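Once you have looked at the hints, place chain B on chain A.
Protein chains: 2
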Amino acid sequence: MSLLVVGTVAFDGLETPFGVRERILGGSATYIGMSAGYFVDRINLVSVVGEDFPQAHIDLLNAHKVHTEGLQVIQGQKTFFWKGKYHLDMNSRDTLDTQLNVLEHFDPIIPESYKDCQYLMLGNLVPAIQMRVLEQLPNRPKLVVLDTMNLWMDVALEDLKKVLKKVDVLTINDEEARQLSGEHNLVQAAKAIQGMGPQTLIIKKGEHGALLFGPEGNIFFAPALPLAEVFDPTGAGDTFAGGFMGYLAQTDDISFDNMKRALMYAATMASFCVEKFGPERLEHISDAELAERRAQFTQLIHVH
Amino acid sequence: MSLLVVGTVAFDGLETPFGVRERILGGSATYIGMSAGYFVDRINLVSVVGEDFPQAHIDLLNAHKVHTEGLQVIQGQKTFFWKGKYHLDMNSRDTLDTQLNVLEHFDPIIPESYKDCQYLMLGNLVPAIQMRVLEQLPNRPKLVVLDTMNLWMDVALEDLKKVLKKVDVLTINDEEARQLSGEHNLVQAAKAIQGMGPQTLIIKKGEHGALLFGPEGNIFFAPALPLAEVFDPTGAGDTFAGGFMGYLAQTDDISFDNMKRALMYAATMASFCVEKFGPERLEHISDAELAERRAQFTQLIHVH
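So the sequence lines, in the order shown, correspond to chains A and B.
Taking the numbering used here, the leading residue of the first sequence gets 1, the next gets one more, and so forth.
Taking the numbering used here, the leading residue of the second sequence gets 1, the next gets one more, and so forth.
Simulated from the structure, these hints should not be mistaken for lab results.
If you're wondering where the values come from, they're calculated on a predicted model, not measured in any experiment.
A portion of the hints provided could be inaccurate.
Which chain B residues stay away from chain A? Per the calculated CB distances, all over 12 angstroms, these [unchecked claim]: (1) P54; (2) A56; (3) L151; (4) D168; (5) E207; (6) Q250; (7) A291; (8) T298; (9) V303.
Which stretches of chain A does chain B cover? Using the computed rule of at least three CB atoms under 8 angstroms from a CB of chain B, they are [claimed, not checked]: (10) 176-186; (11) 207-215; (12) 223-229; (13) 297-304.
Using C-beta positions, here's what the derived DEER-type ranges look like [to be verified]: (14) A/T298 - B/D41: 32 to 40 angstroms; (15) B/G19 - A/I219: 54 to 62 angstroms; (16) A/I219 - B/Q118: 56 to 64 angstroms; (17) B/G19 - A/R93: 33 to 41 angstroms.
Backbone N, C-alpha and C fix where the C-beta goes; we use that ideal spot for every residue, glycine too.
Only chain A is shown next, with the shape it has when bound in the complex (with noise of 0.2 angstroms):
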């Protein structure tokens, strides 16, 4: 079914203790699709960029199945730009340097051929951006899922509490779910949020794994998959909402028993990513390599 994914298409300078990346692709919506790629034919994406981002980045997006007629590019102006530093831990990052350049005045376009989509994905952006998208479709889509971040809830919480009155899914990080919800309590914060809007949260705990809070109390758990060397997090959660997505629009089931199998390829998604820098091991995965990784979670929680 029809994917449609908004979010922000970016350089990032990246720090390791593995090494380092001074430019190379990043932003929410090249993660978001490039692991729904792995699912869905094609994903139409609604981004900007400035005249600086690079033909060879827009032919590895549409080799990803990620079709690019709503990605705007800027004439004169240069496309975002985001710098970190991780910790030792991988836990923690510093933001070295955040250049919003043709962010700063994004008005996304649906292009007419976007405007039935099915299923819809709103990454990390404005919230008046996000709410921007959803006035433009004519039908509402069967799900949206939202992405969102604590910078949002600190300047624009009245916008992104309005948006979330729109959505179905919210996909958030520990810290987040409880600075939003002022609960300490993932359960009662969770609790608090669904009654934002959102009937189906999921919160991102990292290498803690992620859960999933339905209607009527329903909880799943999806680990984590214990790594041996984690290279580069960055794009993780964004490729954990791809991979939800994706999965959920190649089945064209939102029932809560699905949701849950789509949090187990999103694990499996997120699993990969972290192996290298940026999105690169997102390039190259293999239907036995997804398949032999999806195994290995089963395993991790199997017991009879």
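For chain B alone, kept in the frame of chain A given last:
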């Protein structure tokens, strides 16, 4: 099969955001024993208390199948006392007071009737005392499980390393695993610690569940139940160990597959422990409650 538990029996002073207890029953062996009592008919306890230890506490232990022939009562001395305060997030705590008292010169004496034990749980204690227990057993138990803490890594590392060579299973938390191994990554930490002696390692991650590392690279993960209220985490780790050991002794099967089942029961028992102050919740768990809680864990990770 016969189960011997050696550890502390103590008075605890507890402060949590939910209230205060000045002086209640505590200690590693108390939690381990009371938890294991839900699985086996008899736990042989070796520990020490002072003359201030009330008969009512001994009666309580006995009522929970914990036999106290091996509980030394030292006249003229006081019972070990620990006082701690939990922060609002319940994950961190400050030690406010530690009075070793009878523990300072504790010499564990294993009664003759305890010496044929098949399952030995060495609760958290000075490593040299844990070693003293092993030296008194005429035959090596079928399974020796050891718990320890960061303090012994700081002040008695060589003794700890000696006793580690003698045990089958080590249970520690994630930070302790990192400290003991010098590795931040838990997969690499586990590998390093398995090289120190224990073939099997359980890394407890509190609210994030527990990892079981077996021989030949086998890994299993048991989640923690997302609870709406955590009242008091004191003793949760020992209750976890008691459930693990109790289930293994009950089923008399130390295969990796059975350890996975035991870990699920361990997590189940720990989820009860945190619901009330100290060991209060462990006093009254019905068969139906235990079965229902165990089923909740299955449901939490069930995907098909």
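Report task. Mind listing which of the numbered hints don't hold for this structure, in increasing order? Result -> Of the numbered hints given earlier, those the structure breaks are 5, 8, 9, 15, 16, listed in rising order.
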